[in-house]
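Same order as they appear, the protein sequences are chains A and B. Residue 14 is where the first sequence starts when you use the numbering used here, and the numbers rise one by one after that. Residue 14 is where the second sequence starts when you use the numbering used here, and the numbers rise one by one after that.
Please note that the accuracy of each hint is not assured.
[What the hints assert, rightly or not] Simulated DEER-style distance windows between Cβ atoms:
1) Leu476/A to Leu130/B: 18 to 24 angstroms
2) Lys19/B to Ala360/A: 36 to 42 angstroms
3) Pro378/B to Gly109/A: 41 to 47 angstroms
4) Gly100/B to Arg355/A: 25 to 31 angstroms
5) Ala347/A to Gly84/B: 52 to 58 angstroms
6) Gly72/B to Pro359/A: 25 to 31 angstroms
7) Ile282/B to Gly340/A: 21 to 27 angstroms
8) Leu136/B to Ala360/A: 19 to 25 angstroms
9) Tyr67/B to Pro378/A: 25 to 31 angstroms
Simulated from the structure, these hints should not be mistaken for laboratory data. Bear in mind the structure is a predicted one, so any value in this text is a computation, not a measurement. Just so you know, even glycine gets a beta-carbon here, dropped at the ideal spot from N, CA and C.
2 protein chains.
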Amino acid sequence: MDRRLKESLDRIFFPRSVAVAGVSREQDSPGSLLLRSLLDMGFEGKLYPVNPRYEEVMGLKCYPSIESLPGDVDLAILSVPPPAVPGLVGECARAGVAGCVVNTAGFSETGREEGKLLEAEILGAMEGSNLRLVGPNCMGVYSSRGKVALFAGMFPTQGRLCMISQSGSLASITFLSALERGLTFDRIVSSGNELDLNCTDFLEYFLEDPDVEMVLAYLEEIRDARRFLGVARRARGKIPVVLMKGGRTAGGKRAAASHTAALGGSSEILVGALRQAGVILVQDLGELLDVASALHHLPPAGGRRVAVVSSPGGLAVNAADAVEEAGLELSSLAPSTVETLREILPAEGTSPSNPVDLGFGAVRPGVYARVLKAVAADPSVDVILAVGTAPASRKGDPGLLNAITEEMVQAKGEVVKPMVAVFFPGSFLATQFLRLHSAGIPAYPTPTSACRALAHYLGFHSLRDASPSST
Amino acid sequence: MDRRLKESLDRIFFPRSVAVAGVSREQDSPGSLLLRSLLDMGFEGKLYPVNPRYEEVMGLKCYPSIESLPGDVDLAILSVPPPAVPGLVGECARAGVAGCVVNTAGFSETGREEGKLLEAEILGAMEGSNLRLVGPNCMGVYSSRGKVALFAGMFPTQGRLCMISQSGSLASITFLSALERGLTFDRIVSSGNELDLNCTDFLEYFLEDPDVEMVLAYLEEIRDARRFLGVARRARGKIPVVLMKGGRTAGGKRAAASHTAALGGSSEILVGALRQAGVILVQDLGELLDVASALHHLPPAGGRRVAVVSSPGGLAVNAADAVEEAGLELSSLAPSTVETLREILPAEGTSPSNPVDLGFGAVRPGVYARVLKAVAADPSVDVILAVGTAPASRKGDPGLLNAITEEMVQAKGEVVKPMVAVFFPGSFLATQFLRLHSAGIPAYPTPTSACRALAHYLGFHSLRDASPSST
């Protein structure tokens, strides 16, 4: 990618100095929350609150203007009323600031003329400088190593995922929800109206970093679609890009226009081109995390043949349906595997072929783990889908569920093939979900969601085998 | 329905006396668990354990045989090895027992000749008597008022839902999971191989009871499809029938054959005929409960025009997409409503048209409830979909989520139109789900699942308006 663009983005995501304009002594003002979030992250560089009305904010010396700051500034966060933005952006441009984040809303997304005019003024104020801009109408950037947060309540992680979101609150919800699945981020950008830096710039920046494991995206509009497709295509089969596209329908497009000033355009053609470029398209936040979880936790895929293991027979049948409906295959177990399963399982109320139905076998300790290991040892099995849901023996007693969870975790220690778990949701299941993800077993609430995620995971790895090894 | 069949079913679901054959002093034997579950339910009639080896079990006098029992028996639960079943069924037939449940597995579902022969022997033993049989290979019946349970851990409820399941464990999982959504059952049957009584008999029995609110079903095979369709058609638009069909795919059909000896058949034609008959078809357990929740909690539907209210703008767009993808419409809010919303909401970062985007407005107390009430007052709005997910202000701090939940509950007190909530799942959300369901607001994890459920709910009520008032 363009050298200068990369340098700007490096300074935005890994700033040595950050100015925050729009701070006040009101704890809840957006500027104050942003300053607080930098302190919470443990930001290690120079921090400059800017507001001519104060000498000091949160124990830090406060400066009257960008131009009055004592040193260079990598990142300026501007949380001031819209009419004040162009002037401050001009100050940043003149002061040699690398990047600014304009958090404020009230620009082209309002549909009003003054909003569009203000955006033109901002662009005018940047002209001739090296300043790059994130937003307006965004939450800005999160950087785990750079110690920058886009929202209160975030903290540094060891993650290697990146995210681009045209909705800031969706980005922060994803950050928190992903934690429960053992997914953590290195960098996140809430890109808002994308007046200057756009989703393609961020995608290229993330994908060119060999340490990035996966890129998640929520996008309502892809302004520079041709370039976006080219960038995605180069990562095809190498780094997964999982995209939740907003504005798929006429109603969604209208909503996107007032949310981030997205222009719409023919989504059918775009969707086809994105698929061709290897982008994984998902429908909602649940599916976004389902797919990310499979790609993160599972080893590279071998093939599409799935073995189902279940204690409730009805869910075994449901899982077999879900496997085929997601375009996957049910393995035909080898006769020797069926024989082994016959020895492990009670003779009645069970099935030793795929889907393997443990019946009440799951009640006896050790049976579930032995079945998983026997199935995994079969060369005709590529992936194992283990249904963990079981009737609790007493109202709310998670005894059997916990026992099955532990047997899955135990088997996982010896099974190298990809394995996912299905637990029907319930408030009493949170423990099982956390435990399984911590053991590297992605867990899903239904066979349908598990198989949808597996199909994407397998699709990605099939591209991986097909893609040339050089870029 | 047939008078005599109804009488038999009444005696099975509301027995005055129950015999349990196959009890032992092992606490964990299936027969003992079944006896224990009757005691746990507080069964009020005569209870006869049967086993020639004991004088007494669980403090009850134990009898050597069905024929030795001192009084009439309405229901006999047989949990004995397969070869002993035909003889016991013959005893029941001669003793004038109304119905027996054969829990034991090991019959035609094994695919082995001896299993099929045993089933033929059972039928032979019943011949010429009035005895009716549930199963074999099933868990039997749950009856809240009859104080009979099909599994340990069940208890009487005040529910008016019924369920027919060809998987016993799925029935018991549904019973427990439904509780979290405020859904409780009056009667459930796990019908197994359906050697005698089949799903159509149970469907007709449930649908002819004017107190039954809804029938849920998990079926792998509908043996008597023509009669089933006729029975369902008579309830079309009156009592919802929500069906999760197992064995939709080739792999699922094979699995169903070894689970309950289901024969398969062309599911495409059957699915079309079921839809025509007004049956609501769902794909998995999650959707089954999603739909049941909408039908149970919401008032009869007016129309398909949905207003979306959301604080995260990205989820507002996603919800607008989900509305149209589910075949629903987005309401066009009246200018006066938009004006009212403009007064309630901050000017920037929000949208006063549908989908209504509260932006950071949701942070201020009272705003969410006022927006819900303003939207509900608009005559162009039929249904309200409220997205409650919001970025938590601190890791795991549910403060804002709880506040939004309470505002939804408060608004619900004044809003008569159907309203559903969408919360992205997470272990910290269980509280919100329980609270909302207890207030009659069905809650869903994604706009997609909410809209799918709403589409079924609206479809049912549109049939209701179209159906003639007499049967």
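Tested hints:
no.: 1; hint: Leu476/A to Leu130/B: 18 to 24 angstroms; result: 53 angstroms, violated
no.: 2; hint: Lys19/B to Ala360/A: 36 to 42 angstroms; result: 37 angstroms, holds
no.: 3; hint: Pro378/B to Gly109/A: 41 to 47 angstroms; result: 43 angstroms, holds
no.: 4; hint: Gly100/B to Arg355/A: 25 to 31 angstroms; result: 28 angstroms, holds
no.: 5; hint: Ala347/A to Gly84/B: 52 to 58 angstroms; result: 55 angstroms, holds
no.: 6; hint: Gly72/B to Pro359/A: 25 to 31 angstroms; result: 29 angstroms, holds
no.: 7; hint: Ile282/B to Gly340/A: 21 to 27 angstroms; result: 23 angstroms, holds
no.: 8; hint: Leu136/B to Ala360/A: 19 to 25 angstroms; result: 23 angstroms, holds
no.: 9; hint: Tyr67/B to Pro378/A: 25 to 31 angstroms; result: 28 angstroms, holds
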